[in-house]
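Chains A and B, in that order, give the protein sequences.
So the first sequence is residues 1 to 571, counted in the working numbering.
So the second sequence is residues 572 to 641, counted in the working numbering.
Where hints are given, some of them may not hold.
Computed far set for chain B versus chain A, every beta-carbon distance over 12 angstroms [claimed, not checked]:
no., residue
1, A635
2, R637
3, K640
A few chain B residues that face chain A, going by a derived Cβ cut-off under 10 angstroms, partial list only [as the list claims (entries may be wrong)]:
no., residue
4, V580
5, L588
6, M603
7, L612
8, L615
9, V617
10, D618
11, A623
12, V627
13, I628
14, G630
15, F631
16, F634
Note that these hints are calculated values from the structure, not bench results.
Owing to the predicted nature of the structure, the values given are computational and were not obtained by experimental measurement.
Idealized CB from N, CA, C, for every residue including glycine.
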Amino acid sequence: MALPFSLLAAAPSRLISLAGIDIAIIAIYFLAVLAIGFYLKGQSGTGEDFFLAGREMTAWIAGLSFLSANLGSLELMGWAASAYQYGILATHWYWIGAIPAMLFLGLVMMPFYYISKTHSVPGYLKLRFGEDSRLLSAVSFGFMTVLMSGINMYSMALVMKVVLGWDINFSIWVSSLTVAVYVALGGLRSAIFNEVLQFVLIWLGALLIPILGLVEAGGWSGLQARIAQNLGSMGGYTHLWGTLGNFKDNPMGIHWTGIVLGLGWVISFGYWTTDFLVVQRVLAAKDLRAAKMAPIIGSAFKMAVPFIVILPGLLGLALLPMKLVGEGDAVAMGGHSYNEVLPLMLARYCGPGLLGLGITALIAGFMSGMAGNVSAFTTVWTYDIYRAVIKKDASDAHYVSMGRWTTVLGVLVSIGTAYLVMQFSSIMDYVQALFSFFIAPLFGTVLLGMLWKRATRAGGFWGLLSGTVASVAMWAWVKADPSALAIVALSTDAKAMAENMYRALWSWLTCVIVTVVVSYLTRPKPETELVGLVYGCTEVPSEGHLKIYQRPAFWAAVVAVVFVILQILFW
Amino acid sequence: MEHDKTISVWFFIGALLLVYGVLILAYGAMHMGAPTPGVVLGELHVDTWWGALLLVIGGFYTFAFRPGKG
Numbered sequence: 001m002a003l004p005f006s007l008l009a010a011a012p013s014r015l016i017s018l019a020g021i022d023i024a025i026i027a028i029y030f031l032a033v034l035a036i037g038f039y040l041k042g043q044s045g046t047g048e049d050f051f052l053a054g055r056e057m058t059a060w061i062a063g064l065s066f067l068s069a070n071l072g073s074l075e076l077m078g079w080a081a082s083a084y085q086y087g088i089l090a091t092h093w094y095w096i097g098a099i100p101a102m103l104f105l106g107l108v109m110m111p112f113y114y115i116s117k118t119h120s121v122p123g124y125l126k127l128r129f130g131e132d133s134r135l136l137s138a139v140s141f142g143f144m145t146v147l148m149s150g151i152n153m154y155s156m157a158l159v160m161k162v163v164l165g166w167d168i169n170f171s172i173w174v175s176s177l178t179v180a181v182y183v184a185l186g187g188l189r190s191a192i193f194n195e196v197l198q199f200v201l202i203w204l205g206a207l208l209i210p211i212l213g214l215v216e217a218g219g220w221s222g223l224q225a226r227i228a229q230n231l232g233s234m235g236g237y238t239h240l241w242g243t244l245g246n247f248k249d250n251p252m253g254i255h256w257t258g259i260v261l262g263l264g265w266v267i268s269f270g271y272w273t274t275d276f277l278v279v280q281r282v283l284a285a286k287d288l289r290a291a292k293m294a295p296i297i298g299s300a301f302k303m304a305v306p307f308i309v310i311l312p313g314l315l316g317l318a319l320l321p322m323k324l325v326g327e328g329d330a331v332a333m334g335g336h337s338y339n340e341v342l343p344l345m346l347a348r349y350c351g352p353g354l355l356g357l358g359i360t361a362l363i364a365g366f367m368s369g370m371a372g373n374v375s376a377f378t379t380v381w382t383y384d385i386y387r388a389v390i391k392k393d394a395s396d397a398h399y400v401s402m403g404r405w406t407t408v409l410g411v412l413v414s415i416g417t418a419y420l421v422m423q424f425s426s427i428m429d430y431v432q433a434l435f436s437f438f439i440a441p442l443f444g445t446v447l448l449g450m451l452w453k454r455a456t457r458a459g460g461f462w463g464l465l466s467g468t469v470a471s472v473a474m475w476a477w478v479k480a481d482p483s484a485l486a487i488v489a490l491s492t493d494a495k496a497m498a499e500n501m502y503r504a505l506w507s508w509l510t511c512v513i514v515t516v517v518v519s520y521l522t523r524p525k526p527e528t529e530l531v532g533l534v535y536g537c538t539e540v541p542s543e544g545h546l547k548i549y550q551r552p553a554f555w556a557a558v559v560a561v562v563f564v565i566l567q568i569l570f571w
Numbered sequence: 572m573e574h575d576k577t578i579s580v581w582f583f584i585g586a587l588l589l590v591y592g593v594l595i596l597a598y599g600a601m602h603m604g605a606p607t608p609g610v611v612l613g614e615l616h617v618d619t620w621w622g623a624l625l626l627v628i629g630g631f632y633t634f635a636f637r638p639g640k641g
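Bound-form chain B, shown alone (with noise of 0.2 angstroms):
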C-alpha cells in the first residue's frame, strides 16, 4: 500500500478501536446491574455489547496489521 516501512493505517485504525472497546466495555460491565438510565431500550445494555465488538475488531486489526510483520 504505502512505502514499505510505512505501519499501516489499519494498525491505527484497530488500536483506536481497542482503547475503545476496553472504555466502553469495562464502563458498560460496570453499569451491567440496572437499565442504562435515561436512555430508551436501556435494558439491552447495548453499551456493553457495543464495547465488546470494538474490543474485537480493534483486537484483530492490531494483530493483524502490528507493525513489523512480514
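Bound-form chain A, shown alone (with noise of 0.2 angstroms):
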C-alpha cells in the first residue's frame, strides 16, 4: 500500500516528531492488519463465517479480542487524561466499573446468549420478547454506533493532528479505510485476528511509560509523595474509596453511592453485558465453556489495564514539568490539555524506534474500536433490520454479501459523522449521555428477560421504551433548568460524570419497573417457549467432571479476590 508519507512532515507545529524508522514500523503494522484481511478472505463464505467467525474462537482469542474492541485509543488517552485531572478514582471505571459485570457476564449471562444460538443482543430480545423489542433496539443500536463510530474517528485524527501534525483527513481516510478492508474482506474472523494483534501492540507499546515513570518517580511512594507535594493534601489522588463519603471531598465530585450503584451497576453491567460491540466476540468462542471463559480472562486483563492507562496520568501528574489544562484553555492559552498527557509522557521516555511502537499503539487501538463498531453494526443491520424488515427470505450468499458492503457503507457512514462533528463540534459534548440512554434501559430489559420467566413481550417492550424516555427527558431537565442537577444526582455539587451515573439508575429502574408492572397484566409466554432462553427452563450443561482449575467459577472466584485486594490496597 503507498501510504502518502509526505503529507505526515506537512504538518506546521506538533508535539512529537517522527524519525524514519518511526514512520517504518507505522507502516508495517498497516500492511501487517491489511495482509490479515487478505489472508482471510477465503474463509468467510457463510454467513456463520463472517458474523460469527464461525463460532471457533478459543477462550483466549474471544477474551483477548472482547477487551481490544473496548479498548480504542481514545479510551486509552481519555482515560489518561481523567487520571491526570481526576486521579486515581478514575481506576474505578476499569474496576468496579468491569470486573463484576464481566464475571457475571461469563458465568450468568453468557449461556443463555450462547445455547439461544443468537446472532446478536436485539436477536436475543426478538426471541425473548418478539419483534418490536428487536426492531427498538436495533435501531438505537445502530444508529448510535456509526454516531459513536464517527466521533471517535474524528477525536482520534485530531489528536493526531496535536501530537504528530497529521493532516485530518489523511488519519480519518487512511485508518477508517484500512479497517474498511479487513474486516469486509475477512468479517468477524479477521476483526478478532486483528484485535488480538492490536492488543499485543497496545501492551507492548504502552506499558515503557509506566516502567520507566515508576523509575524515575521512586516507585509508588515516591510517586505518591510527588503529587503530595505538587497538589497540596488532596488526598483524592491516590485513593480509590477513602474520599467518596462526600460530593466536595473529591476532584470528581462524586458519592460513593453514584459509584457503587450508578457505575458499579447498572452502567457497566449495562455496557459489559448487553453491548453487542463487546458481547459478538464472546458469541463467537467454540463451545459454551469457551464463552464462558472469555469474558473472565477478558476481565483478568481488564484489571491490569490501568497499569497502562491510569498510572500514566498520574505519573504526569507528578513528573511532568508544566501543567496541563482543559481543552478551551489549552487552545486559549496555547498550553497542553489533559487529553496530550499519554503522549506526553510516550515522548518523555521513548526514542525513535519506540515512540513509533508507541504510536502504533494508540493508532491500534483506534483501529480495534472501530472494527468492533463496524462489525457489530454490520451484524445488527443485516440480519436484526435487514432480514427481519426489508428482504426475510434471501439466500445466506446474499446477506454476507449484505454484510460486506454494509461493512464499507458503515465505514463511509462513519466518516460522514466525522465530518458533521467537525462542523458542529458540540455534537461531542453530548454523545456520551445519547449513549446511557439506551444502555441503562436495555440492561433492565435483558436482565429481567435472562432470570425472570413471568416478564412478558408487552413488558420487555414499554420497559425498554418507557426507560430510555425517562434518560431522555432526565437529561433534558437538568439542560433545561440546572437546578433540577439536585434531584436527578441527588446534589448541587455534583458533576457531569456523576450525572450520568444517577440518570442511568434512574432510567434504569423506571425500565425494571414499568417491565414488572406490564408483565403482571398481560399474559405470559408457555414456558415451552422459553427452552434456552430464561433462567429456570433451560438446562445449562453441567461442569461437574471438569477439573476444578478448568471451571469458569473457579478462575472468576480467582479474579473476585484479586480484585477485592486492589480494593483494599489503593484505598
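Hey, can you piece these two chains together into the complex? The hints should help.
In C-alpha cells:
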C-alpha cells in the first residue's frame, strides 16, 4: 500500500516528531493488518463465518478480542487524561466499573446468549420478547454505533494532528478505509484476529511508560509523595474509596453511592453484558465453556489495564514540568491539554523506534475500537433490520454480500459523521449522554428477560421504551433547568460524570418497574417457548466432570479475590 | 482454534514482533555510544533492551506457531 507519507511531514506544529524508523514501524503495522484481512478472505463465505467467525474461537482469542474491542485509543488517551484530572478515581471505570459485570456476563448471562444461538443482542430480544423489542434495540444500537464510530474517528484524527501534526483528512481516511478493507474481506474473524494483534501491540507499545515513570518517580511511594507535593493535601488523587464519603471531598465531585450503584451496577453491567460491540466477540467462542471463560480472561486483563492507562496519567501529574489544562484553556493559552498526557509521557521516555511502537499502539487502539463498532453494526443491520424488515427470505450468500457492503457503507457513514462533528463540535458534548440513554434500560430488559420467566412481550417492550424516554427526559430537564441536578444526581455539587451515573440508575429502575408492572398485567409466554432463553426453563450443561482449575467459576473466583485485594490496597 | 488449515493468529503476532524487534534492536545498538537524546532516562538505552525482548518473544511465537507445524 502506497501511503502518502509526505503528508506526515507537512504539519506546521506538532508535539512529537517521527524519525524514519518510526514511520517504517507504523507502515509495517498497516501492511500486517491488511495482509491478515486478505489472508482470511477465503474463510468468510457463509453467514456463520462472516458474522460469527464460524463460532470457532478459543477462550483466549475471544477473551482478548472482547477486551481489545473496548480498548480504543480514545479509551487509552481519554482515561489517562481523566487520571491526570481526577487522580486514581478514574480506576473505578476499570475495576468496579468492569470486573463484576464481566464475571456476571461469563457465569450467568453467557449460557443464555450462547445456548439460544442468537447472532446478536437484539436477536436475543426477538427470541425472548418479540419483533418490536428487537427493532427498537437494533435501530438505537445501529444509530449510536455509527455515531460513536464517527466521533471517535474525528477525535482520533484531532489527536493525531495535535500530537504528530498529521492532516486530519489523512488520518480519517487512511485508518478508516484500512479497517473497512480488512473487516469487509474477512468479516468478524478478520476483526478478531486483528484485535488480538492490536491488543498485544497496545501493551508492548504503552508498557514502557509506567515502568520508566516509576523508575523516575522512585516507585509508588515516590509517586504519591510527588503528587502530594504538587497538589497539596488532596488525598483524593491517590485513594480509591477514602474520599468518596462526600461529593466535595474528591476531585470528581461524586459520592460512593454513585460509583457503586450508578457505575458499578447499571452502567457497567449495561455496557459489558448488553453492548453487542463486546458481546459479539464472545458469541464467536467455539463452545459454551470457552464462551464463559472469555469474559473471565478479559476481566483479568482489564484489571491490569490501569497500569498502562491510569498510571501514566498519575505519573504525568507527578513528573511533568508543565501543568496541563482543559481543552478550551489549552487552545486559548497555547498550553497542553489533559488529553495530551499519554503522548507527552510517551515522548518523555521513548526515542526513535520506541516512539513509532507507541504511536502504533495508539493507532491499533483506534482501529480495534472501530472494527468492533463496524462489525457489530454490520451484523445488527443485516440480521436484525435488513433480514427482519426488508428482505426476509434471501439466501445466506445474499446476507454475506450485504454484510460486506454494509461494512464499507458503515465506515463511509462514520466518516460522514466525523465531518459532521468537525462542523458541529457541540455534538461531542452530548454523545456520551446519548449513548447512556440506551444502555441502562437495555440492561434492565435483558436481565429480566433472562432471569424472570414471568416477563412478557409487552413488558419487555414498554419497559425498554419507558426507560429510554425517562433517561432522555431527565437529561433534558437538567439542561433546561440546572437546579434539577439536585434531584437527578442528589446534589448540586455533582459533576457531569456523577449526573450520568444517577441518570443511568433511575432509567434502569424505570425500565425494571414498568417491565414488572406491564408483565403482571399481560399474559406470559408458555414455559415451553422459553427453553434456552430464561433461567429456570433452560438446562445449562453441568461442569461437574471438569477438574476444578478447568471450571470458569474457579477462575472467576480468583479474579474476584484479586479485585477485592486491589480495592483494599488502594483504598 | 480456527479452521484446521488457518495459520494461527499467534504466528502473525510473532512475525510482526520479530520484525519490530530486529528494527528497534538494530537502531538501539547503532546508537549505544551515547544516551538517547531528548528523552528522560536515555542512559538506560531502553530501545536496545525492548527491541531484544520483542525479538525474543516474536521469535518464539513465530517458531512455535509456524504454518504447517503438526
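To see whether the hints hold, each was checked on the structure:
1. A635: holds (14 angstroms)
2. R637: Given that every Cβ of chain A is farther than 12 angstroms from that of R637 (chain B), nearest at about 15 angstroms, it holds.
3. K640: Given that every Cβ of chain A is farther than 12 angstroms from that of K640 (chain B), nearest at about 17 angstroms, it holds.
4. V580: Constraint on V580 (chain B) satisfied, holds at 5 angstroms.
5. L588: OK, holds: L588 (chain B) within 10 angstroms of chain A, min 7 angstroms.
6. M603: violated (12 angstroms)
7. L612: holds (5 angstroms)
8. L615: Status holds, d = 8 angstroms.
9. V617: holds (6 angstroms)
10. D618: holds (5 angstroms)
11. A623: Interface hint status for A623 (chain B): violated (12 angstroms vs cutoff 10 angstroms).
12. V627: Not OK, violated: V627 (chain B) not within 10 angstroms of chain A, min 12 angstroms.
13. I628: holds (8 angstroms)
14. G630: Hint on G630 (chain B): violated, closest Cβ of chain A at ~14 angstroms, above 10 angstroms.
15. F631: Not OK, violated: F631 (chain B) not within 10 angstroms of chain A, min 13 angstroms.
16. F634: Violated - the Cβ of F634 (chain B) stays beyond 10 angstroms from chain A, reaching only about 17 angstroms at its closest.
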